[in-house]
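The hints should help you fit chain B onto chain A, whose structure is shown.
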Amino acid sequence: MRHEIIMPALGMSQDTGTLLAWHKSEGEAVAAGDILFEVETDKTTMEVEAPAAGFVVGISAEAGAEVPVGNVIAYIADTADADVPAAESAAPTPAVADALPEGNQVIMPTLGMAQDSGLLIGWAKQAGDQVDAEDVLFEVETDKSVAEVTAGHSGYLVARLAAAGDEVPTGEVIAIIAAEPSAALIDRGYQAGTAMSASDKAADTIPAASAPTETASSKAAPTASIQPLLAPAGARILASPKLKRMAMEAGLDLQLLADAGVPQPYHVSDLVQLKELSKAATQAPSGVFAAQTLEISAVVDAGAFNEFVLWLEANAGISNQAQILASMLGSSHAAFTQIGVATLWETQVYQAHQQISGTSVSEAAEELHLRDLRGTFIEIATLGNSAVPRVTLTRRGDQLHLQLSAPESALSAADALGLLNNFAERLADPMRQLL
Amino acid sequence: MRQITLSQAVNEALAEEMRRDETVFIIGEDVAEAGTPFKILSGLVEEFGTNRVIDTPISEPGFMGMGVGAAMTGMRPVVDLMFGDFIFLVMDQLCNQAAKTHYMSGGKLNVPMVLRTNLGATRRSAAQHSQSLHAIVAHIPGVKVALPSSAYEAKGLLKTAIRDDNPVVIFEDKLMYQDKAEVPEEEYCIPFGVANVKREGTDITLIGTSSMVQVCEAAAKLLEADGISAEVIDPRTIVPLDEKTLIESAKKTSRVIVVDEGHQSFGVTSEIASRINEKAFYYLDAPAVRMGAMDVPIPFSPALEDITVPTAEGVAEKARKLVRGELIHAA
Numbered sequence: 001m002r003h004e005i006i007m008p009a010l011g012m013s014q015d016t017g018t019l020l021a022w023h024k025s026e027g028e029a030v031a032a033g034d035i036l037f038e039v040e041t042d043k044t045t046m047e048v049e050a051p052a053a054g055f056v057v058g059i060s061a062e063a064g065a066e067v068p069v070g071n072v073i074a075y076i077a078d079t080a081d082a083d084v085p086a087a088e089s090a091a092p093t094p095a096v097a098d099a100l101p102e103g104n105q106v107i108m109p110t111l112g113m114a115q116d117s118g119l120l121i122g123w124a125k126q127a128g129d130q131v132d133a134e135d136v137l138f139e140v141e142t143d144k145s146v147a148e149v150t151a152g153h154s155g156y157l158v159a160r161l162a163a164a165g166d167e168v169p170t171g172e173v174i175a176i177i178a179a180e181p182s183a184a185l186i187d188r189g190y191q192a193g194t195a196m197s198a199s200d201k202a203a204d205t206i207p208a209a210s211a212p213t214e215t216a217s218s219k220a221a222p223t224a225s226i227q228p229l230l231a232p233a234g235a236r237i238l239a240s241p242k243l244k245r246m247a248m249e250a251g252l253d254l255q256l257l258a259d260a261g262v263p264q265p266y267h268v269s270d271l272v273q274l275k276e277l278s279k280a281a282t283q284a285p286s287g288v289f290a291a292q293t294l295e296i297s298a299v300v301d302a303g304a305f306n307e308f309v310l311w312l313e314a315n316a317g318i319s320n321q322a323q324i325l326a327s328m329l330g331s332s333h334a335a336f337t338q339i340g341v342a343t344l345w346e347t348q349v350y351q352a353h354q355q356i357s358g359t360s361v362s363e364a365a366e367e368l369h370l371r372d373l374r375g376t377f378i379e380i381a382t383l384g385n386s387a388v389p390r391v392t393l394t395r396r397g398d399q400l401h402l403q404l405s406a407p408e409s410a411l412s413a414a415d416a417l418g419l420l421n422n423f424a425e426r427l428a429d430p431m432r433q434l435l
Numbered sequence: 001m002r003q004i005t006l007s008q009a010v011n012e013a014l015a016e017e018m019r020r021d022e023t024v025f026i027i028g029e030d031v032a033e034a035g036t037p038f039k040i041l042s043g044l045v046e047e048f049g050t051n052r053v054i055d056t057p058i059s060e061p062g063f064m065g066m067g068v069g070a071a072m073t074g075m076r077p078v079v080d081l082m083f084g085d086f087i088f089l090v091m092d093q094l095c096n097q098a099a100k101t102h103y104m105s106g107g108k109l110n111v112p113m114v115l116r117t118n119l120g121a122t123r124r125s126a127a128q129h130s131q132s133l134h135a136i137v138a139h140i141p142g143v144k145v146a147l148p149s150s151a152y153e154a155k156g157l158l159k160t161a162i163r164d165d166n167p168v169v170i171f172e173d174k175l176m177y178q179d180k181a182e183v184p185e186e187e188y189c190i191p192f193g194v195a196n197v198k199r200e201g202t203d204i205t206l207i208g209t210s211s212m213v214q215v216c217e218a219a220a221k222l223l224e225a226d227g228i229s230a231e232v233i234d235p236r237t238i239v240p241l242d243e244k245t246l247i248e249s250a251k252k253t254s255r256v257i258v259v260d261e262g263h264q265s266f267g268v269t270s271e272i273a274s275r276i277n278e279k280a281f282y283y284l285d286a287p288a289v290r291m292g293a294m295d296v297p298i299p300f301s302p303a304l305e306d307i308t309v310p311t312a313e314g315v316a317e318k319a320r321k322l323v324r325g326e327l328i329h330a331a
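Chains A and B supply the protein sequences, listed in that same order.
Each residue of the first sequence is one higher than the one before, starting from 1 at the first, in my numbering.
Each residue of the second sequence is one higher than the one before, starting from 1 at the first, in my numbering.
Only chain A is shown next, with the shape it has when bound in the complex:
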């Protein structure tokens, strides 16, 4: 059995330690608990004990050397002449990709001499938060106690590289604090739905669980954890009673905040953002409305209709083209009889009849609207949505263009196609109308 002796991390913001002196030499026998060497950090001097009995071999750092935290500097082996691997020159690689944000690295500290990992109980700060060097950043459980670890650097927490419940090797980078805030945050601080062996983490409760019972600490030592809540999608929304009431009174939906990824729980200070999000949401619907409108166009030669108008005037004394059009349009669909006909200058509703002469002025509200723009220069008119189906009639050269615009609720697609086609047929062959 060979034990690695590493340079311990003694401070939260420290990444090297100065080896002051060896108390044992190469090949010397040691008992568990014997002092092996002394380390100096920026604050204190510490004596490091041997974790096991054996022989000290493979010393790879001299007194006075500055050694990166986590580096192996010696071994304790069963015999004085055991083989040792070549001295490590590189610091242990953190278990993260190279794409880490710039900033001061915060490592999992060594809190006990025989300890090589710490259980991360919980984060006190969220990714993106501003932190002061003295702020508690996270809590770690060792075999003896729960320690609050301070940030050690002031700035912005741009990366959280472990989640509550993770066992993190000492010396591993666990967080990064940068001088400037960053939009690109790395946050592994919360894992939804992962089975945690240690603390109890239902997504919608604030855990106040004490440390795992195998440590059997006395009741006098409070070991609650703070979990910032990032609820997974679909979970209930946590907000203060006052905010809930204010949102309800203003008719605002807190789900907008959740969808926008604002971390919970929400307070009155989030109301401003909620109002912004709500305004943005209500401006969407015109697109929604437009999607429900049917748009159909048709083209016919204008000649037949023009001749028909002249013929009617000469033979039936009917000169009101609106009346003619209303009759034709009304006959194009069984359901519509109140036809509103508008030109640029006047609008009139007609009760349409199969017979043109029977089509008369009406006081009722229109069910179908015809916009007759033949006498104008207007070629295409898409004029927004309305509840009543609308037909727009324009003339281009020798052709009449028809455009039907109808909300889906007023007319099915099949009906709409039928209506416009029937109307177009009548315009193209008006004599049929008389039959």
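Worth flagging that the hints you see were computed from the coordinates, not collected in a lab.
Fair warning: this is a prediction, and the values are worked out from it, not measured in the lab.
The reader is advised that the hints may include incorrect statements.
Claimed, not checked - Derived BS3-like pairs (lysine-lysine); straight-line CA-CA distance at most 30 angstroms:
{"#": "1", "chain 1": "A", "residue 1": "Lys-244", "chain 2": "B", "residue 2": "Lys-244"}
{"#": "2", "chain 1": "B", "residue 1": "Lys-321", "chain 2": "B", "residue 2": "Lys-198"}
{"#": "3", "chain 1": "B", "residue 1": "Lys-251", "chain 2": "A", "residue 2": "Lys-244"}
{"#": "4", "chain 1": "A", "residue 1": "Lys-244", "chain 2": "B", "residue 2": "Lys-279"}
Positioned in the frame of chain A, the structure of chain B alone reads:
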């Protein structure tokens, strides 16, 4: 206005009431010549004689029982209990007899007695002489409980207590006997059930009892520097409790910390925070939070004793967390 110590204020209140009403008398251990170990009652036996300032043997149940009996038969005793911790010795007399006699006698008997005792830790008096047990007494219907936070309150509340026809327990803070405050020369009484808003604020309400009022005021000053405006309220009496003032404040600021020197669990802080939760729920932007003494026997070691009670820095730090919307430890 003149400034006198809490001890002098209590002395004055007793002297004034004893002059005013000859049925008022004092009974307890070392109350006469010694004037109590705290030297509060000095001079009274000289003025009123040993018939009205009565030294007793060391027997709390005994002289408390005498007080209850005297009150039932027409006197107005002020029983002196040297340390609040001894209240456990008189619980039957206080809670089973004095508290219930008016009701159980169908209104025929009154027990117009005052039990004067104290609370407060950090005197290095160890676990059995440092407790703040007012919550235990307040729990019993039929007893009123007053908690003066300064010399001014001590005099006014004690006079009201003596004139009240019900059993009243008044807890003075033993650490404050030499603290001075402005006390008018003219006679005054402070009514029960009227809280005192000592400092107005808008961001958070700090409700404190007894010496915790000063702790809250100090915390409010610290919070000023952070731009947080704290309102400080002294309820003065917990039975009857001026709920209305407390709820209105909670609705105004939307955040509350209740600070009391009794143990945090099952105490005054729990009761007040609960009522705020019930009656101001939809106005709260943060949970109403308790800060009491740690749930441990009060240590004898000074370093340990001092961390078991709420401090101004502790209150301020908790207030900052609530204002920022942070989750707090559930300890």
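Comparing the hints with the structure gives:
no. : hint                     : verdict
1   : A/Lys-244 with B/Lys-244 : holds (24 angstroms)
2   : B/Lys-321 with B/Lys-198 : holds (23 angstroms)
3   : B/Lys-251 with A/Lys-244 : holds (15 angstroms)
4   : A/Lys-244 with B/Lys-279 : holds (16 angstroms)
This entry satisfies every hint, going by the numbered hints stated previously.
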